[in-house]
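Q: Construct all of the structure, not just a fragment, from the sequences and the given hints.
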Amino acid sequence: MVNFALRDGVTDLQCWHERLGHMNPQYIRKMADEGLVEGMMLQRRQFDMCEACQLGKQRAKAALQHLDRGVTQRNELVFADLLFPPKMRTRALSRCIP
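Take the sequence shown: its letters are residues 1 to 98, numbered as in the working numbering.
Hints listed in this document are in silico derivations from the structure and should not be mistaken for laboratory results. One or more hints might be untrue.
[Said to hold, decoys possible] Mimicking EDC-like on lysine to aspartate or glutamate, the simulated pairs with C-alpha atoms at most 20 Å apart in a straight line are:
#1 K30 x D12
#2 K30 x E18
#3 K57 x E18
#4 K30 x D48
A: See below:
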């Protein structure tokens, strides 16, 4: 049972879409048409594209297998992973980064 539909002015499809966790608009129309949810009414049945849904459908591009940086000489470009160095100790028991 829906008790906030008329009080909060939730009568358009876009608002129901957002309140129901970005549910498919066709399912929301069906619920309203068949009376599956008591108190649910749709006065504005038009649905505009939802920006949050569009962002959720995007996928990240695959990483490139080979990066061509135009390096021509040895040691012109150096990579170092210093974020989480392994814990090692020298003979003098002081910490070092291999």
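Q: Would you mind marking each hint as holding or not holding in the structure?
A: How the hints compare with the structure:
With a C-alpha separation of about 14 Å, the suggested pair K30 and D12 falls inside the 20 Å cut-off, and the hint holds. Restraint check: the Cα-Cα separation between K30 and E18 comes to about 16 Å, which is no more than 20 Å; the hinted pair holds. In summary, the hint linking K57 to E18 is supported, as the alpha carbons are separated by about 16 Å, within the 20 Å threshold. With a C-alpha separation of about 18 Å, the suggested pair K30 and D48 falls inside the 20 Å cut-off, and the hint holds.
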